[in-house]
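Below are the chains, spelled out letter by letter.
Protein chains: 2
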Amino acid sequence: MNIDMIEAAADRLRGHARRTPLLSSPFLDEIAGRRVLVKPECLQHTGSFKYRGGYAAISALAPDVRARGVLAYSSGNHAQGVALAARQHGIPAVIIMPEDAPALKIANTRALGAEVVLYDRAGQQTREALGEELKASRGLTLIRPYDEPQVVAGQGTCGLEIAEQAREAGVEQADVLVCCGGGGLTSGIALALEARAPGLRARPVEPEEFDDTARSLVSGRIERNARMSGGLCDAILTPSPGDLTFPVMQRLCGPGLTVSDDEALTAMAQAFLRLKLVAEPGGAVALAAALYRADALEGDAVICTISGGNVDPAVFAQGLKMLEGG
Amino acid sequence: MNIDMIEAAADRLRGHARRTPLLSSPFLDEIAGRRVLVKPECLQHTGSFKYRGGYAAISALAPDVRARGVLAYSSGNHAQGVALAARQHGIPAVIIMPEDAPALKIANTRALGAEVVLYDRAGQQTREALGEELKASRGLTLIRPYDEPQVVAGQGTCGLEIAEQAREAGVEQADVLVCCGGGGLTSGIALALEARAPGLRARPVEPEEFDDTARSLVSGRIERNARMSGGLCDAILTPSPGDLTFPVMQRLCGPGLTVSDDEALTAMAQAFLRLKLVAEPGGAVALAAALYRADALEGDAVICTISGGNVDPAVFAQGLKMLEGG
Chain A
0 MNIDMIEAAA
10 DRLRGHARRT
20 PLLSSPFLDE
30 IAGRRVLVKP
40 ECLQHTGSFK
50 YRGGYAAISA
60 LAPDVRARGV
70 LAYSSGNHAQ
80 GVALAARQHG
90 IPAVIIMPED
100 APALKIANTR
110 ALGAEVVLYD
120 RAGQQTREAL
130 GEELKASRGL
140 TLIRPYDEPQ
150 VVAGQGTCGL
160 EIAEQAREAG
170 VEQADVLVCC
180 GGGGLTSGIA
190 LALEARAPGL
200 RARPVEPEEF
210 DDTARSLVSG
220 RIERNARMSG
230 GLCDAILTPS
240 PGDLTFPVMQ
250 RLCGPGLTVS
260 DDEALTAMAQ
270 AFLRLKLVAE
280 PGGAVALAAA
290 LYRADALEGD
300 AVICTISGGN
310 VDPAVFAQGL
320 KMLEGG
Chain B
0 MNIDMIEAAA
10 DRLRGHARRT
20 PLLSSPFLDE
30 IAGRRVLVKP
40 ECLQHTGSFK
50 YRGGYAAISA
60 LAPDVRARGV
70 LAYSSGNHAQ
80 GVALAARQHG
90 IPAVIIMPED
100 APALKIANTR
110 ALGAEVVLYD
120 RAGQQTREAL
130 GEELKASRGL
140 TLIRPYDEPQ
150 VVAGQGTCGL
160 EIAEQAREAG
170 VEQADVLVCC
180 GGGGLTSGIA
190 LALEARAPGL
200 RARPVEPEEF
210 DDTARSLVSG
220 RIERNARMSG
230 GLCDAILTPS
240 PGDLTFPVMQ
250 RLCGPGLTVS
260 DDEALTAMAQ
270 AFLRLKLVAE
280 PGGAVALAAA
290 LYRADALEGD
300 AVICTISGGN
310 VDPAVFAQGL
320 KMLEGG
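Chains as they are written, first to last, in numbering that gives the first Met the number 0: chain A, 0 to 325; chain B, 0 to 325.
Hints were generated in silico from the structure; no laboratory data involved.
Bear in mind the structure is a predicted one, so any value in this text is a computation, not a measurement.
Some hints here could point you the wrong way.
[Said to hold, decoys possible] Residues on chain A that point at chain B, a partial pick, calculated with CB under 7 Å: (1) K275; (2) Y291; (3) A295; (4) L296; (5) P312; (6) V314.
C-beta: ideal position from N, C-alpha, C; glycine also.
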């Protein structure tokens with residue numbers, strides 16, 4: 000994975016992915032004690048950065064391979080990104096989801112034209128076995144959520160935009176805080192910044208108790224989370240950083256940061272109040288770190304991603320309560 | 000007021016106002032039965048289009064006049080737009096607000112550097128008398144919220160962007176639905192479209208029971224609302240269309256549309272769900288018309304503004320309830 004792949008992905012995404020703006024608010028600057036610039040990927044198609052990677056991967060396939068269709072395991076943002084990108088290419092997408100996934104997510108993925116295949120988490124057949132069967136019988140290509148070079152290249156296009164937009168905003172030196180699950184967005188942005196804005200340094204941000212990447216960066220080897228459920232930041236929970244993404248993060252990223260669920264919710268509420276954006280809790284962890292980890296940051300400006308906005312209305316309402324009396 | 004003034008305002012606003020994107024969602028297209036393109040001015044500085052007009056008016060003042068400061072009557076979006084624009088020019092802003100205005104709005108306006116002068120709605124001194132006193136004693140210039148040519152020119156810059164962005168999106172013929180209070184945004188956009196995208200036609204959208212502009216367009220003279228309070232769309236309630244804005248709307252706009260408070264709330268919820276945007280109810284009336292007045296619209300695409308996003312968290316939570324079971 001390298002800058003040429005990211006530039007090539009950007010060419011393929013032109014006219015398809017949105018160039019999201021770089022936003023700010025004097026009120027956020029005041030909380031953070033420095034200038035805060037926000038890259039809202041919640042405004043990307045399907046409500047998260049995942050569309051970039053999905054489109055980049057599908058558009059990179061050989062036409063005859065692509066025509067047979069693609070396959071993804073996901074109950075969340077990756078599913079929707081792959082579904083829309085597949086529809087735009089006029090090819091089938093099969094998404095394997097647990098049968099207890101939220102009804103709205105299943106409905107959204109179907110509405111984007113994908114075929115949803117449900118599996119029983121407690122059943123005998125694993126999702127991987129089901130996927131292998133579908134690949135074999137229908138010739139589908141698996142689009143992995145992060146450990147896939149073209150997906151990382153697609154997410155890296157977000158980093159190209161940050162490099163340009165930071166320069167336009169007069170920011171040459173800053174930490175770039177990235178909401179981090181498997182590290183696709185973080186490593187993609189890190190590669191783009193290395194080549195196009197070397198004064199900007201990517202740093203992963205994770206929820207407390209799911210800080211596999213932060214710990215991996217400290218220990219120098221891939222560490223895993225003790226558990227894979229619980230907490231509000233489900234959109235960015237993964238077992239561990241990826242085999243492809245971790246070495247990139249190890250080479251290029253600054254130390255990881257963690258925030259609590261309450262801090263993520265409060266940052267979500269601040270994005271509502273000051274930026275008029277809908278963030279999901281997992282998508283707000285980088286903003287939370289920008290606002291509430293001032294001592295761990297360097298420089299007079301900080302850039303942070305909002306990685307997605309696909310939040311349950313009840314969870315969002317819970318965040319709004321954080322504003323009462325505040 | 001003409002296109003040259005709007006272009007000149009756009010020059011002055013360059014590097015200050017945000018160029019807001021033009022967003023869309025296949026889910027909204029499906030509800031509307033046509034392509035829906037959304038211009039989210041909730042992403043503008045201070046959370047509404049009002050910053051454009053405030054900045055345009057202040058930047059057009061003669062330097063010696065401007066240096067003495069500006070004055071506005073407002074408890075809402077205009078106050079914040081004028082306050083920020085004044086601070087960016089390094090000049091004083093005095094905002095006259097009723098003493099029972101929401102504490103958050105008073106605090107926000109002060110935080111943007113304005114001096115807030117409170118008056119008693121039930122008291123002997125009208126706000127106009129108070130304003131005259133301040134103008135005389137301190138040489139302040141009044142920035143009217145809509146009946147002011149430079150304010151209309153500033154709002155018109157939103158129309159220039161719509162003209163360009165609609166062309167890029169391949170839309171040459173469409174209704175452009177505009178959330179309408181006094182008509183500053185509607186008339187500004189109408190003037191810009193007349194010159195730069197004559198296939199696009201501006202149409203005002205108002206809350207039911209506050210449809211002064213729609214009725215004025217029918218009768219051919221300025222009609223007034225029976226009352227000035229009640230309803231959720233407070234951000235766009237005005238007594239009547241303006242003396243300057245009405246003739247422009249009469250010459251250029253298509254028929255007005257109205258929506259109910261429930262439709263505005265539901266559109267606000269759809270903007271949350273499908274666009275990841277925070278709209279205020281008054282700022283969502285044009286989207287509501289795009290979604291729920293299909294029979295009153297022409298063409299296979301519709302463009303609508305979201306005029307602002309400064310909504311009380313409790314009202315927003317009320318809108319989110321519209322999504323339950325839906």
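These are the hints, each one checked on the structure:
Look at A:K275: its Cβ gets to within about 3 Å of chain B, closer than 7 Å, so that hint holds up. A hinted interface residue such as A:Y291 counts as satisfied when its beta carbon comes closer than 7 Å to some beta carbon of chain B; here the least separation is about 19 Å, so the hint is violated. Here the hint on A:A295 is broken, as its CB sits about 26 Å from the closest CB of chain B, past 7 Å. Proximity of A:L296 to chain B is violated relative to the hint, the smallest CB-CB distance being about 23 Å (cut-off 7 Å).
Because the closest C-beta pair between A:P312 and chain B is about 4 Å apart, less than 7 Å, the hint holds. A cut of 7 Å between beta carbons decides the hint on A:V314: the least distance to chain B is about 10 Å, and the hint is violated.
Hints 2, 3, 4 and 6, counting from the list given before, are not met by this structure.
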